[in-house]
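The two chains are supplied separately, each in an independent frame; assemble them into the complex guided by the hints.
The primary structure of each chain is shown beneath.
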Amino acid sequence: MSLTLGRTPRLPGEPASVSSRSRLVKIASYLVLGAFSVFYVWPLFMLVNTSLRSLPQYLRDPAALVTEPSLANFAEAWRLANFPQYILNSVLYTATATAIFVATSLFVAFPVARGYFRGANAILTLYVVALFLPPALIPQFQLILGLGLYNTRPGFILLFLINPIGMIILVNYMKSIPRELDESAAVDGAGYLRYVFSVIFPLIRPAVATVTVLHAIGIWNELILPTIYLTNKDYFPITRGLIVFEGVYGSNWPGLAAAVLMLMLPMLVLFIFLQRYIIGGLTAGAVKG
Amino acid sequence: MAIMTKNYLFGSSGGWSRLAPVMLLIPGVFLYFLIALGPSMATAVYSLTDASGLRGATVNWIGFDNYREFLFQGLASRDNIDATLRTLRFMVLVTFIQFTLGLILALLVNQKLRGRTVFRTLFFLPVILGVVIQGLMWKLFLQPRGGPMATIFGWFGASSEFLGGQPNGAFMWVVVVQIWANVGITMVIFLAGMQTINADLYEAARIDGASGLSLFRNITWPQLTPAINTNFLLNIIGSLQAWQLFLVLIGYKPGTQVLGYLVFAEGFGQGASPAFRQGFAAAASIVLFFLVLVIGVAANRYVGWREQRYIA
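Line by line, the protein sequences are chains A and B. Residue 21 in the working numbering sits at position 21 of the first sequence; the count goes up by one each step and never skips. Every position in the second sequence, counted from 1, becomes a number in the working numbering once 1000 is added.
For reference, chain B alone in the conformation it holds in the complex (with noise of 0.2 Å):
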């Protein structure tokens, strides 16, 4: 059979063995086509309609009317621009903070240290326990009355409504409970690069008089490329496209939305309005698509540059 190529040895005698691979892969790549990426790529084509939630409602073609009302109509765009900008900021502020604290973490388990895999496992433990538990786990401990960390700020004289205040200080408290949800994976995508470094590469350094910081910088950072490279990578784009925490923690509260909350508030009804705008919500999701590509392709970028320049 033309289709399987020479290498594949399996029923030479023919019959049904001969196409077998072939058969058993439908249902999985079929399977792939139909949930992930024909619907994947059909979020463009819907963002040109006026699709609704309703089952049986004629869905229209309106061309850019979507994308027009996303950045031209008045109030309304003020705040999904806005919600753009929010989630930059999320993505530079996450990104910078998880990427250095997982570095640091990292550096300190990555020592012989007694009990350093208790850090390591205690530090990598939210990530398994999912937005639902990590969220309500800390609006307990930010009860502005009475609450743990209200007990904190009471010791200096200060109080804060936490994640029930201003836009902005809520918005600020989400920003700290997705780092520390997820510097775990950072802290040990990075330990896995240290464990690649070849030790003998310290011993000739110390030898050679080398120590401490000049370790790190001509060492250990120089080593860790594939790492860095790996983190900065999955740090931005899983900022940009994280949001399910300010579900969790605040729910739809004006100020607050980042991108991907906005195209989940007004695809299924859950932001000021019930309607379920499905057209002009997968129009924001090409939004979200198009700043994750343009970053990320600039990060990419960014990285083979640096690689370069470490290989040379």
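Chain A with its partners taken away, still in its complex shape (with noise of 0.2 Å):
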């Protein structure tokens, strides 16, 4: 065991002694990621390669590999479901009531995380509670309705004006920045508006930037609140456009797939660039004891 047969180099960091047992782990634990990898990868490559075919060469062979490539489809997608309104309307809704939020809820989370007023501790109770409470489908819909904003942008857009975990996460993050600074900014004369936009602001952007990318993200994938609250087909977001698609063209693997794909290209990019902020968002307050 001990001649040297051609080793291996060794990776930085792995301790000096590989023993063959450490190996097989290493080799069996390749094997189980290496095969669970196969039902994300396929179902995605699938997706791609069906997108690339024309219909009659689908329907004889679903399964089958694409042969001449071809982004027809695309273009049909792109020309038949009204895609440009679609995501047009979807990045309005997301950009304006992620900024809404975003910009009230900074000025709800700095007073409370602070207990500058009296009950700031009641007013976050309240945010948690939101958590385990039932849902607020039905109540949310009478006041919209009653309110005569159903079938409207601005009603759509005012159930995406919350979050209460957002409002969490930003609260905690705002406990971090030591107290000192709001003492020594006030001893300096400085207004409230100014601090916490000129000294709070730029020292909690890492949270600003979790809260933001969740809360959009979570409004660019809702599927249920356009089917609830939209009936014009000028307002529908790209999630209800795509379901609506599939109604008409649900046959239309090919063009389904390229739809599916176009709508998923903004997210996948945004994601390898963000996905530290994601998964920060995600894990914050989840592992502490």
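Note that these hints are calculated values from the structure, not bench results. Be aware that a few hints might be false.
Now the stretches of chain A that chain B is said to cover, found in silico as 3 or more residues with beta-carbon under 8 Å [said to hold, decoys possible]:
#, stretch
1, 37–49
2, 53–63
3, 71–83
4, 138–146
5, 169–175
6, 198–210
7, 215–225
The beta-carbon is built from N, C-alpha and C at its ideal position, and this holds for glycine as well.
If you want it as structure tokens, here you go:
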């Protein structure tokens, strides 16, 4: 065993003596991970594969590999499904609602985190409680109906202006900013509004980024609320548009696959750049004792 | 001003700056009450009425009729109770499998392996794609006529209608997709927990001759308690409330609904009848709420008891 039969070079950080047992563990790990990956890579691959084939080819053999790749499905889906309008709507809803949510919740989170007014803790509790209460679906609908905002853009945006989890993340992060900063700023005569904007906001940027990304993804992917509140096709966001497209062209899988990919692409790009914030937000506070 | 506490130092000279925090806080809190908290609590009130979704229609007080209908009214209530039991079955299956799988994946990608970030990204990816893409991707993958999964089945001489088949079979495929879509969250929470474990503990145990399973049992598992608790509770509550993949994958199909879907179908005319039965739907959401409450509190108790045991 101790004969050196051309050992493979060590990875950095690997202990000096790699027993054959731990190498076995490594191989087994790769096998399990590889097997599991198949279920993530393959559906994705089939989606791309299908989107590049023509309908007759697909119908002949749905699982076959593409032989003459063509982007015709993308052009057709783009034309048939009114995608530019849907994407524009999605961007409008996501940007507006996220901006208003972040701006208003900064000014809730800061005084709550500092305990600057009586009842600050009670307010925080109300945000935590919301995570367990029954869904607001039915009375919310009655409210929007009563306000005359059913099937309107402002009414739809109104539904996305709050996010209890986002608020809790902001409050927790603000608690880590030293209070001495507030004191010296107040002594220097800074106004509250200016202080929050020019001192606190730059310091909590990581938390703001996390909350912004989580909230925006939530709106972008939402399917139920547009189904309930929007009947006018001109107002549909991309998720609803895609489901309608499926209803009409359901048997045209190549076209549908192209449409799904077009909706997916922006999310993939976003994810690659913002992964850190997304995962940071989802695990925030999850592993503390 | 009495509303501000003593540690608030801004605008000591008085004036508007003294009250600024409260004035600036009002829009956010008002929106929260208007859109979330108020409607959420009003669900209980609506469950005692015959509210419909028509603007201007009168809303009558009908006491507990909706609950009586949900629980005791012949064939229809048998469907409702079936949906409730199915919700519980969905919870047990999803929680158990997603928790176990998430833990195994986290353990695997927490090792020093080449390409581990690729695996992490891959398993987490569906989480951000949302139900529409998740659902449509799997609908394509599960095409019963010659689709990819059907082809694999064919190699073993088996065949399945997948999502279009018998209710029970279709239900199981939704369980599969639900876990596929969300196991990434469970994994990253476990990973975050593993990264807080002090490496010295492993070093010391290795010197004492421990390895493999015994390292896991004596160090990883107890040290992972906060992440275990979080995942356990999140999986239970999340799976009780999840239903959107049912909508995308199979739509309204008798014998497959869970409670969340029932609320949507009854309340917004998306089920067997096009009527908006919002009072009844509100009652169904209160039933779901109690389910979440009772199971959530029990799970929380259990988690608290576990924590005591490991800290003591």
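Original post:
Which numbered conditions among the earlier hints are violated in the structure presented, ordered from lowest to highest?
Top reply: Violated hints: 3, 5, 6; rest satisfied.
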